[in-house]
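**Student:** Can you build the whole structure from these sequences, using the hints too?
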Amino acid sequence: MNDVAICLFAESGYDRAAQGVIGAGRRLAGTLGGRLHAITIGTHNPELNVRIAAVADSVISADQVELAEYQPELCLDALAQLCGELAPKAVLLSNDTYSQELAPRLAHKLGGSAVGDGIELIAQDGAIRVKRSVYGGKAVATIELKRSPAVIWLRARAFEADSAGSASVATVRQTRLNLPSGDRTRIIERKAESTGEARLEDARVIISGGRGLGGPEAFKDLQELAGLVGAQVAASRAACDSGWYPPSWQVGQTGKKVAPGLYLAVAIRGASQHMAGISDAKVIAAINIDPDAPIFKHCQFGIVEDYKKVIPLLREKLAALQK
Amino acid sequence: MNIIICLKQILDPEIPVRDFRIGPDKREAVRGNANLVTNIFCENALETALQLRERTGGKITALAFGAESAEDTLRKALAMKADEAVLVLNDGHPHPDPFTVAQVLAAAVRKIGACDLVMTGRESGDWGSGQTGGLIAEELGLPCISFVDHIEARGEGTDASLFVKRQTDNGWELLNAQPPLVVTITNNEFNVPRIPKTRDIMISARQPITKWTLEEIGVNAAEVRAGQSYYEVVDLAIPAKDVACQFVSGDTLEQKVENLAQRVIEVTRSL
Amino acid sequence: MNPTTTTNQAIIGSDFSGISYPTREVLWNIDNVWLMYVMFAVSSVIAGYGIYRRVSLWRRGLPENRFDRPRYRLLMLLKHALGQRRTVREKSAAFFHTFIYTGFIILTVATTVVFLHHDFGLPLMEGDFYLYFQSFIVDVFGALVLVGVGIAAVRRLVLRPKKLVYTDESLLILAMIFLIVLTGFLIEGWRIAVTFDPWGRWSPFGYLVASASLSLMGESIKSLEAMATAHRITWWLHAIIVFGFIAWAPYTKMIHVITGPLNIYTARLEPSGAILKKIDFENPEAPLGVKTLTNFTWKDLVDFDACTECGRCTSVCPANAVGKELSPRDIILDLRNLMHAEGLRIADRGQFWLPIADLKRKNSAINPQSASRIGRNPQSVVGAFPSTSPEALWSCTTCGACMEACPVFIEQMPKIIDMRRYLVMEESDFPDTIQEAVTSLESRGHPFRGTQSTRLDWADGLDVKTLAGARDAEVLFWVGCGGALVERNQKVVRATAQLLEKAGVKFAILGREEKCTGDPARRVGNEFLFERLAKENIDKLNGYDVKKIVTLCPHCFNTIRNEYPQFGGHYEVYHHSEFLVMLVNEGKLKLPADKLENSGLNVTYHDPCYLGRHNGVYDAPRQLVQISSRSFVEMKQNRENGFCCGGGGGMSFVDEPKDKRVNQERARQALVTGADVVAVGCPFCLTMMEDGINARKGERDVRVMDVAELLWQSLI
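Protein chains in written order, with the working numbering: chain B, 566 to 888; chain Z, 2 to 272; chain L, 236 to 951.
Treat the hints with care, as some may be off.
[Stated by the list, open to error] Below, simulated EDC-like cross-link-like pairs (lysine to aspartate or glutamate); rule was C-alpha separation at most 16 Å, straight line: (1) Lys888(B) to Asp170(Z); (2) Lys874(B) to Glu259(Z); (3) Lys895(L) to Glu685(B); (4) Lys821(B) to Glu671(L); (5) Lys756(B) to Asp170(Z); (6) Lys696(B) to Asp236(Z); (7) Lys711(B) to Glu259(Z); (8) Lys874(B) to Glu255(Z); (9) Lys895(L) to Glu626(L); (10) Lys198(Z) to Glu662(L); (11) Lys882(B) to Glu255(Z); (12) Lys862(B) to Glu662(L); (13) Lys847(B) to Glu267(Z).
[Unchecked claim] Counterexamples of contact, computed for chain L against chain Z with all Cβ distances above 10 Å: (14) Val280; (15) Trp434; (16) Gly453; (17) Thr674; (18) Asp698; (19) Asp911.
[Unchecked claim] Here are some of the chain B residues that sit facing chain Z, going by a computed Cβ distance under 8 Å: (20) Lys654; (21) Lys674; (22) Ala723; (23) Ile753; (24) Glu754; (25) Ala850; (26) Asp855; (27) Phe866; (28) Val869.
If you are wondering where the hints come from, they were derived from the structure by calculation, not from laboratory data.
C-beta: ideal position from N, C-alpha, C; glycine also.
**Tutor:** Next up, the structure:
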């Protein structure tokens with residue numbers, strides 16, 4: 566009854582989010598003194614299952630034709646059946662679209678409680694508490710789940726992967742579930758937009774250039790830099806107005822309002838007009854030659870230097886660190 | 002197409018960080034001079050509903066569970082041209098957990114009756130649990146689609162069929178669904194909430210709003226008033242933010258940039 | 236008199252023998268004079284109908300009282316109608332218009348004199364008066380009319396300034412005026428020649444015609460008879476043109492002879508900052524803004540008919556200057572033409588003579604077939620023309636330059652706001668960025684979406700009291716959103732507060748209780764929101780029993796001073812520049828003697844429209860600049876001719892196309908002066924000018940500073 570179940574979609578593979586969920590699950594199971602069960606939904610993904618098997622105590626692969634592609638009602642049914650069997654104390658999911666969609670409903674079906682976007686899990690005196698950011702990042706709440714199981718979707722990338730591993734490699738069990746022919750909703754078309762055109766609003770990291778860049782050429786350098794850290798490149802109004810970068814990538818009061826994890830402002834002074842667009846950024850950093858530039862008032866860290874000197878060096882250093 | 006749209010009134014999410022305060026019980030935010038506004042995703046949902054009605058006809062009922070002040074949110078919905086408004090008065094816990102909210106809203110939906118589509122925002126700008134839509138669906142035994150940004154309806158009555166587009170992590174999906182169902186709405190460039198016409202604001206001030214007590218909708222009023230049978234907020238704190246910018250140190254430019262790169266990598270890895 | 240029965244000398248001449256005083260025979264050589272009276276009657280009827288028709292159209296407008304304070308209005312009439320104060324501001328117009336205008340006044344007086352002499356038997360055409368005035372002065376002024384017409388023709392045909400409207404009507408008017416005076420001189424000359432008028436030389440130009448004719452044709456009886464015939468024909472030609480002109484004039488822009496003075500008499504008497512009207516929101520039938528012509532007041536409709544097509548409004552319009560669609564002249568003229576077209580259509584339907592009472596009926600009387608011309612909405616004036624397109628309406632900064640430039644006091648700006656009101660309140664149709672500002676005003680009481688500043692950030696480390704904690708404060712310092720919530724401006728607020736503190740002023744602020752005065756809401760046309768904000772603020776101010784207010788922002792200044800009285804808020808309001816100058820003059824702020832020598836700054840000053848043009852405060856900020864810097868240089872366009880920074884009327888919340896930015900044009904004008912500092916007295920101007928200067932200054936070090944900052948800098 567102190568077991569932990571983690572639910573992952575096979576399609577996503579063994580990405581950083583999956584690693585975070587597995588790590589969090591392993592540690593929570595340890596704290597609770599229970600076993601760690603992993604459920605993977607969708608077409609068997611050998612790499613994922615092998616990786617999980619090295620950490621979890623049991624792995625269940627729900628690979629059947631109905632689940633080959635995500636369908637909300639079917640997947641929910643499958644998860645409810647599997648978790649119901651396992652009767653865990655906690656169910657952990659990632660914060661992808663599908664997990665977020667299903668978690669509250671799964672909790673309801675299991676008679677449990679759900680909470681989302683967890684950034685820290687606390688198991689104490691038999692109760693499970695979750696820390697999460699609320700009020701648009703202005704506060705952090707600690708929430709105690711009253712019902713069991715505790716269904717939690719995690720801000721998965723914020724959790725460390727497991728480092729220890731389990732003593733033995735678990736076997737991967739294939740299941741066959743009896744799924745209803747649920748056709749009340751059905752995904753009939755899906756489209757992945759290429760990352761090159763990903764929405765600025767969704768970007769995890771944004772590198773943005775301003776009037777101080779002095780021309781369009783510098784944006785090519787920023788793009789190179791962005792490639793190294795998986796960032797999107799954006800621009801201030803002044804830069805867009807000067808025609809150095811397309812207006813659809815303008816950030817600010819009159820442009821896009823973005824909420825990246827990191828916003829690196831290059832040669833942007835930080836007029837309030839601009840700051841209005843990045844008030845939800847979690848970390849703001851700046852490269853600016855002027856120590857009095859208002860942008861530094863909003864920064865967690867920054868460097869007072871000419872961007873022309875910084876960018877080539879930074880590219881070099883980032884490339885080295887990423888290896 | 003009969004649509005019930007659930008609206009939440011929240012503390013203005015745009016108040017400056019410096020004006021944001023937490024009450025002495027460390028469980029909720031202090032309102033202070035800030036305004037109460039309609040949650041933005043709820044407004045996106047209402048806008049989506051209004052556009053759907055423009056294409057297919059039907060009726061939109063705005064539903065809120067909240068204090069008397071939530072009347073403002075419903076009046077705004079009426080000004081935006083929702084047809085009717087229902088307020089379930091919350092005289093209990095000011096921030097009940099999402100299950101409590103879903104229970105109340107589901108009961109109200111049942112009481113309102115004939116309904117093809119229940120819409121909610123994907124999450125609220127205050128507590129942002131992101132659960133209400135899904136839990137309403139479970140309470141009502143309906144399917145649910147989340148992160149929807151566009152809906153088209155085809156056919157009439159029992160043949161009615163909905164085409165629902167929703168956002169995913171890396172693109173979008175198109176779903177076909179048979180009403181009734183629940184959808185949670187996210188924003189896109191096409192469902193930016195309309196600004197009501199002043200004329201309609203003036204009219205909405207005189208429109209009736211149906212008000213129900215918890216007893217009237219047939220829920221366990223005591224449990225709802227307690228509002229934390231599902232989860233409980235045990236602490237609320239303002240994260241200590243190092244407001245002062247840390248200028249990266251280093252004797253040479255190269256060292257400074259090295260440190261800068263370190264910080265950048267640190268942050269990107271933590272995401 | 237029958238010429239055939241008299242002597243040779245006077246065969247066809249007047250008999251001057253025995254008359255010892257200067258005079259002439261009235262209506263010499265003219266038979267069937269009754270015909271003239273018939274012509275006069277006919278032309279009067281036609282002209283009268285033209286005027287009646289216009290008046291009928293005006294009466295379709297909504298009521299508005301513009302006849303209070305008659306003494307003051309008469310003064311306006313003397314100064315601006317008779318005195319032509321504004322007309323003569325522009326040099327080319329000063330000449331040609333003054334010549335024609337004064338000439339016609341003199342000629343009209345002269346004609347009246349003839350009329351009184353002839354028909355009422357008043358012996359006016361005699362003696363010195365006849366010689367000095369009726370002959371000499373009238374002749375000279377007649378000639379000036381010809382000169383005036385000449386200049387106007389050159390301007391219209393050769394110079395062709397962009398601001399004019401080029402119509403055949405204008406040319407025809409000029410031609411007719413020219414012909415009237417020319418034929419006048421011809422008949423005068425021929426009369427002098429044929430009658431051998433002994434006092435002919437007193438009419439120098441007539442005498443010139445006479446001498447020329449006599450020397451060309453000789454003095455034979457035959458030629459005299461020919462001249463007499465020519466005189467008679469020309470006299471009737473003259474009469475036909477004159478009466479034709481009188482009959483036609485009310486149908487042309489010449490109606491400004493009547494509507495100009497009428498418009499000046501009924502002009503607003505308050506500062507232009509107080510010009511916007513309230514809407515009665517209690518009345519569910521009240522139109523919210525202007526959709527149809529009948530939503531305008533009668534005064535607005537008179538405005539249309541008062542327009543002389545001079546184009547000055549458009550030529551001073553900052554939005555027009557940077558290439559935007561807006562043209563106040565075209566708004567007035569398009570709506571004028573529409574008014575007449577609609578009026579005619581109503582007339583066609585036999586309804587023209589109906590008493591003008593029922594608004595709805597009037598609206599339905601407008602033919603929906605005009606839809607194609609008027610656009611998507613057959614009855615809407617908004618969008619009916621390029622000039623009234625939303626795009627044009629949304630580029631007005633409400634700077635008021637158009638109204639200041641208009642010689643006949645047409646009120647262009649409030650009409651733009653009226654049409655915006657319709658767009659905003661009835662159609663909810665406005666630019667996204669304005670929508671955001673309005674939404675923010677609604678929910679947060681300030682227009683800056685997404686600001687992370689609070690209303691008290693600027694006071695960090697200062698001991699500034701709020702009114703709640705300092706009820707005995709004598710002065711309320713109204714900081715304003717632009718001051719408190721925009722980082723750059725927080726320094727200005729700080730400087731002002733420190734100056735007040737240093738001068739020992741017992742002041743307090745409202746702090747978090749302060750809300751936007753509503754100015755941006757009102758200027759973008761959201762009167763409903765403005766009224767809400769205004770009432771909330773007035774309740775608060777009256778609750779604290781506030782008497783004296785110092786504002787940082789000219790917009791707040793204007794709204795509290797000129798607009799809050801409409802809602803029961805009466806306060807003594809000062810702009811910070813006025814108040815600081817008072818403190819300096821009272822010796823409460825003392826400048827160190829050596830300080831000025833050290834300040835090598837060369838400063839120019841940009842007039843904020845809502846301080847200057849809309850409220851007439853030009854000197855106080857200049858005094859502050861002169862106190863705190865060594866040299867002061869004016870921009871070319873200053874004081875009432877100041878050029879907007881581009882930020883008024885809610886436009887600081889609009890993303891202007893980058894090649895059409897008003898602030899960059901104003902920055903260019905400021906940079907031309909060579910100043911090191913561009914001083915301003917408005918947080919919005921500061922932001923706009925700083926943006927413009929930064930974009931344009933290149934390598935130069937040019938700063939934008941508020942006058943309070945300059946003063947503070949010279950004090951510390």
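**Student:** Now, for every hint given, state plainly whether the structure supports it.
**Tutor:** Verification of the supplied hints:
1. For the suggested pair Lys888(B) and Asp170(Z), the alpha carbons sit about 26 Å apart, so the restraint of at most 16 Å is broken.
2. For the suggested pair Lys874(B) and Glu259(Z), the alpha carbons sit about 13 Å apart, so the restraint of at most 16 Å is met.
3. At roughly 52 Å between alpha-carbon atoms, Lys895(L) and Glu685(B) are farther apart than 16 Å, so this suggested pair is violated.
4. Of the supplied pair hints, the one linking Lys821(B) and Glu671(L) holds, its CA atoms being roughly 13 Å apart against a limit of 16 Å.
5. For the given pair, Lys756(B) sits about 11 Å from Asp170(Z) by alpha-carbon distance, which is consistent with the 16 Å threshold.
6. As the CA atoms of Lys696(B) and Asp236(Z) are separated by approximately 9 Å, the hinted pair is consistent with the 16 Å bound.
7. For the suggested pair Lys711(B) and Glu259(Z), the alpha carbons sit about 47 Å apart, so the restraint of at most 16 Å is broken.
8. Between Lys874(B) and Glu255(Z) the alpha-carbon distance is near 10 Å, which keeps this suggested pair within the 16 Å criterion.
9. At most 16 Å may separate the alpha-carbon atoms for a hinted pair to count; Lys895(L) and Glu626(L) meet this at roughly 13 Å.
10. Between the alpha carbons of Lys198(Z) and Glu662(L) the distance comes to roughly 6 Å, so the proposed pair stays at or under 16 Å and holds.
11. For the suggested pair Lys882(B) and Glu255(Z), the alpha carbons sit about 9 Å apart, so the restraint of at most 16 Å is met.
12. Using a Cα cut-off of 16 Å, the hinted pair Lys862(B) and Glu662(L) is violated, with the two alpha carbons roughly 41 Å apart.
13. Straight-line distance between C-alpha atoms of Lys847(B) and Glu267(Z) comes to about 13 Å, which keeps the hinted pair within the 16 Å bound.
14. Non-interface call for Val280(L) relative to chain Z: holds, since the shortest CB-CB distance, roughly 46 Å, exceeds 10 Å.
15. Every CB of chain Z lies more than 10 Å from the CB of Trp434(L), the least distance being 73 Å, so the non-interface label holds.
16. The non-interface label for Gly453(L) is consistent with chain Z: the shortest C-beta to C-beta separation is roughly 82 Å, beyond 10 Å.
17. Non-interface status of Thr674(L) relative to chain Z is broken: a Cβ of that chain comes within 10 Å, the nearest being about 7 Å off.
18. For Asp698(L), the condition that its CB be more than 10 Å from all CB atoms of chain Z holds, with the nearest at approximately 19 Å.
19. The claim that Asp911(L) lies off the interface holds: its Cβ sits roughly 30 Å from the closest Cβ of chain Z, which is beyond the 10 Å cut-off.
20. The interface hint given for Lys654(B) is violated, since its Cβ lies 15 Å from the closest Cβ of chain Z, which is over the 8 Å cut-off.
21. Interface restraint check for Lys674(B): the shortest CB-CB distance to chain Z comes to about 7 Å, inside 8 Å, so the restraint holds.
22. Interface restraint check for Ala723(B): the shortest CB-CB distance to chain Z comes to about 6 Å, inside 8 Å, so the restraint holds.
23. A cut of 8 Å between beta carbons decides the hint on Ile753(B): the least distance to chain Z is about 5 Å, and the hint holds.
24. Restraint check, Glu754(B) versus chain Z: the minimum CB separation of about 4 Å is within 8 Å; hint holds.
25. A cut of 8 Å between beta carbons decides the hint on Ala850(B): the least distance to chain Z is about 7 Å, and the hint holds.
26. Interface restraint check for Asp855(B): the shortest CB-CB distance to chain Z comes to about 13 Å, outside 8 Å, so the restraint is violated.
27. A hinted interface residue such as Phe866(B) counts as satisfied when its beta carbon comes closer than 8 Å to some beta carbon of chain Z; here the least separation is about 5 Å, so the hint holds.
28. Below 8 Å, beta-carbon pairs count as interface contacts, and Val869(B) has one with chain Z at about 6 Å; its hint therefore holds.
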